[in-house]
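Just so you know, the sequences run in chain order B and C.
Every letter in the first sequence is one number past the one before it in our numbering, and letter 390, counting from 1, is 392.
Every letter in the second sequence is one number past the one before it in our numbering, and letter 156, counting from 1, is 158.
Incorrect hints may have been included.
Quick list of in silico lysine to aspartate or glutamate cross-link-like pairs, DMTMM-like style, CA-CA up to 20 Å [what the hints assert, rightly or not]:
1) C:Lys331 with B:Glu405
2) B:Lys339 with C:Asp16
3) B:Lys198 with B:Glu136
4) C:Lys324 with B:Glu255
5) B:Lys20 with C:Asp16
6) C:Lys324 with B:Glu405
7) C:Lys326 with B:Glu405
No wet-lab data here; the hints were simulated from the structure.
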Amino acid sequence: MIGLKTFPLGGVHPEEGKYTAKKSIEILPIPESVYIPLSQSLGAPSVPIVNKGDRVKTGQLIAKGEAFISANIHSSVTGVVEKIDEWIDASGYRKKAIIIKTEPDEWEEGILPQNQLNPTIVLSKEEIIQRIKEKGIVGMGGATFPTHVKLSIPQGKKAEYLIINGVECEPYLTSDHRLMLEKGEEILIGIQILMKAVDVNKAIIGIEANKLDAIEHLTKLSAKYQGIEVQGLKLKYPQGAEKQLIKALVNREVPSGKLPIEVGCVVQNVGTAFAVYEAVQFNKPLIDRVVTISGKNFNGGNFLVRIGTPIKALIDKCGGLPENTEKIINGGPMMGKALVSTDVPVTKGTSGILVFTSEMSHRMPVYNCIRCGKCVSVCPMGLEPILLEKIVENNKWEMAEKEHILDCIECGSCQYTCPAGRPLLDMIRLGKNKVNQIIRSRGK
Amino acid sequence: MSTYVLSGSPHVHDKQDVNKIMWGVVYALIPALLVSIYFFGLPALLTTLIAVVSCVLFEYLIQRFIFKSTELTIKDGSAVITGLLLAFNVPSSLPWWQMVIGSLVAIGIAKMTFGGLGKNPFNPALVGRVFMLISFPVEMTTWPKVSPLSTQLTDIVTGPTSLGIVKEGLMKGETVSQLMHNVPSYTDMFIGNIGGSLGEISALAIILGGIYMLFKKIITWHIPISYILTVFVFTGILWLINPEKYADPIFHLLAGGLMLGAIFMATDMVTSPINHKAQIIFGLGCGVLTVLIRIWGAYPEGVSFAILIMNAVTPILNRTIKPKRFGGK
Numbered sequence: 003m004i005g006l007k008t009f010p011l012g013g014v015h016p017e018e019g020k021y022t023a024k025k026s027i028e029i030l031p032i033p034e035s036v037y038i039p040l041s042q043s044l045g046a047p048s049v050p051i052v053n054k055g056d057r058v059k060t061g062q063l064i065a066k067g068e069a070f071i072s073a074n075i076h077s078s079v080t081g082v083v084e085k086i087d088e089w090i091d092a093s094g095y096r097k098k099a100i101i102i103k104t105e106p107d108e109w110e111e112g113i114l115p116q117n118q119l120n121p122t123i124v125l126s127k128e129e130i131i132q133r134i135k136e137k138g139i140v141g142m143g144g145a146t147f148p149t150h151v152k153l154s155i156p157q158g159k160k161a162e163y164l165i166i167n168g169v170e171c172e173p174y175l176t177s178d179h180r181l182m183l184e185k186g187e188e189i190l191i192g193i194q195i196l197m198k199a200v201d202v203n204k205a206i207i208g209i210e211a212n213k214l215d216a217i218e219h220l221t222k223l224s225a226k227y228q229g230i231e232v233q234g235l236k237l238k239y240p241q242g243a244e245k246q247l248i249k250a251l252v253n254r255e256v257p258s259g260k261l262p263i264e265v266g267c268v269v270q271n272v273g274t275a276f277a278v279y280e281a282v283q284f285n286k287p288l289i290d291r292v293v294t295i296s297g298k299n300f301n302g303g304n305f306l307v308r309i310g311t312p313i314k315a316l317i318d319k320c321g322g323l324p325e326n327t328e329k330i331i332n333g334g335p336m337m338g339k340a341l342v343s344t345d346v347p348v349t350k351g352t353s354g355i356l357v358f359t360s361e362m363s364h365r366m367p368v369y370n371c372i373r374c375g376k377c378v379s380v381c382p383m384g385l386e387p388i389l390l391e392k393i394v395e396n397n398k399w400e401m402a403e404k405e406h407i408l409d410c411i412e413c414g415s416c417q418y419t420c421p422a423g424r425p426l427l428d429m430i431r432l433g434k435n436k437v438n439q440i441i442r443s444r445g446k
Numbered sequence: 003m004s005t006y007v008l009s010g011s012p013h014v015h016d017k018q019d020v021n022k023i024m025w026g027v028v029y030a031l032i033p034a035l036l037v038s039i040y041f042f043g044l045p046a047l048l049t050t051l052i053a054v055v056s057c058v059l060f061e062y063l064i065q066r067f068i069f070k071s072t073e074l075t076i077k078d079g080s081a082v083i084t085g086l087l088l089a090f091n092v093p094s095s096l097p098w099w100q101m102v103i104g105s106l107v108a109i110g111i112a113k114m115t116f117g118g119l120g121k122n123p124f125n126p127a128l129v130g131r132v133f134m135l136i137s138f139p140v141e142m143t144t145w146p147k148v149s150p151l152s153t154q155l156t157d158i159v160t161g162p163t164s165l166g167i168v169k170e171g172l173m174k175g176e177t178v179s180q181l182m183h184n185v186p187s188y189t190d191m192f193i194g195n196i197g198g199s200l201g202e203i204s205a206l207a208i209i210l211g212g213i214y215m216l217f218k219k220i221i222t223w224h225i226p227i228s229y230i231l232t233v234f235v236f237t238g239i240l241w242l243i244n245p246e247k248y249a250d251p252i253f254h255l256l257a258g259g260l261m262l263g264a265i266f267m268a269t270d271m272v273t274s275p276i277n278h279k280a281q282i283i284f285g286l287g288c289g290v291l292t293v294l295i296r297i298w299g300a301y302p303e304g305v306s307f308a309i310l311i312m313n314a315v316t317p318i319l320n321r322t323i324k325p326k327r328f329g330g331k
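Generate the whole structure from the sequences, applying the supplied hints.
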């Protein structure tokens, strides 16, 4: 295919494993209880406004995002609040969650049925952002940054491009792919809403070439929508990373330590565009999302899941865990988190659940570094992972900062490629934490 | 409740690992070995076997009895590579005990002293070779003539290498055009029908191995190309200045150990720089030093010394030449 773009620096080509690409989105039945964590987005946890014993409706606000970076949380079901207690989440720790015993759906007043396409945007720029804030929309690509914060362009800055991330470069995951195929029109209207919110007349949807059907579908549909362009991208991980995607699509480099708005870009995921469409056009809060469940030799699929549904329900729907399951991952295999338990609930940021059998669950043995330099050549940020590993090992925090350890986007390409199996990213994460602590203490 | 494996991302890994890389290099050396066995016969095979067996054995013994480690690093294939390369860098007629001593120096001193694979600053095979060159100057510079598929182990006919012919002749005041009559044809030099160190003779076989390694992503083009190109350009300029005093660049590419050095020795990951920019400078340095030694130095050949000197420069290159950073100034 001609005209495919990509980012120039580094990158790897992990096995795609998109086994569920052909499986349509199915609605997962509502479970007996949902476990809605109060900390689902980047930033401060939300503050509950319901009590034990309260009856809540589907879509009702149950926790408020009060801090600047925080998001509202709504009940994803109708039912009675059983308790507000600690519950295991994807981090492996027990954190505050609202546990609701479910009853048949009864929607909160004001939420319109979403079965008919509504392309007319009536709200103003400010109203759109306000609505997105009210409805608890966060970045659905996995980073879960509150969307209203991202859409509020800082004083003195101007957005030129809205970049829509349909890359889905993580192996296995197909939730964005399916959404683009099945909800293309809705996504495009969502993009128009977002364009209005950040006041740009140009949006580019970036999609990798392993989703030709989605590229074709959205290209065809976008003809009707002014200013929206679809751009195919060469297969390369981590193309879905914000900075790499901007570089690939508009050839601008976000300076070290700065945000995309520095180069006139705002990046949003296709899933977020869809959620924005539903929130703005129908008043629907973010209470469900598409989740891919997959794995080698696992009969997975793509499901529309209510937030707070334990992943056990998803797994059971697919016939349960294979006997030799040793690892369960929340997210993709490159950046996802290994889970402690199947009680962990689906949250706003859960793009996929992966089930790994024993032969895929373990790391390779660790050898001496042979200084092959592969980690350096694959680093999309132009860092030297092997050097950073040594620096961190020796607790040289100032040197780590000087070697730009904070530029690391934790894509995992270095550790993926290291033939000696060195724990490069493990060490870099450790170093980043430490350096961040030091920088914070300097400010005091 | 069952327990699951918890580890940080990434949860998948590339198929490449240290063992596959090292054994890949071994496979890449096989064409050159076969050509040597063809042209030098049984002695080439025996010398190679002695080198490989002693390198592996020394590594095993050191690991087992000095490090007292139960880990068996000989499986990774790196000692086999050292053995092969060491044999490739000596005349096939070298006495067996000298080969054993060379192996001990290569593995024992140049590699294991520093902690084994990945820790050594200098290419072990080259350290072994240079040690032998200094210790056994006669045997190390007595080059058997080619005698295809010979099984003769003693009384081998010897003669100088192409580089030796040119160097000595020029010192005696002869001109390059006179000397070129005594040098084998470029076709012979390309396929390996010439005298010289055991594994360096066939540019063709070595290039084949190099292409295999490129294809398997064991090496990148940066070091070999910059090394070979530098030699080509440098000797080309000299040749253009005075073709009677300096041999032409094609001669310099095909003669001696340049191909073996540029493709197999300078590309040793452990002892070469880690980023591509620094690798290009490394190759350039190797090229310049090789030509300086070949033309103005005491030895006819300078590949080993050039690479060893650049090995010593590698830490400085790693420290000063940084890769291009995303979003950097």
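Each hint tested on the structure:
{"no.": "1", "hint": "C:Lys331 with B:Glu405", "verdict": "holds (13 Å)"}
{"no.": "2", "hint": "B:Lys339 with C:Asp16", "verdict": "holds (19 Å)"}
{"no.": "3", "hint": "B:Lys198 with B:Glu136", "verdict": "holds (18 Å)"}
{"no.": "4", "hint": "C:Lys324 with B:Glu255", "verdict": "holds (18 Å)"}
{"no.": "5", "hint": "B:Lys20 with C:Asp16", "verdict": "holds (17 Å)"}
{"no.": "6", "hint": "C:Lys324 with B:Glu405", "verdict": "holds (10 Å)"}
{"no.": "7", "hint": "C:Lys326 with B:Glu405", "verdict": "holds (12 Å)"}
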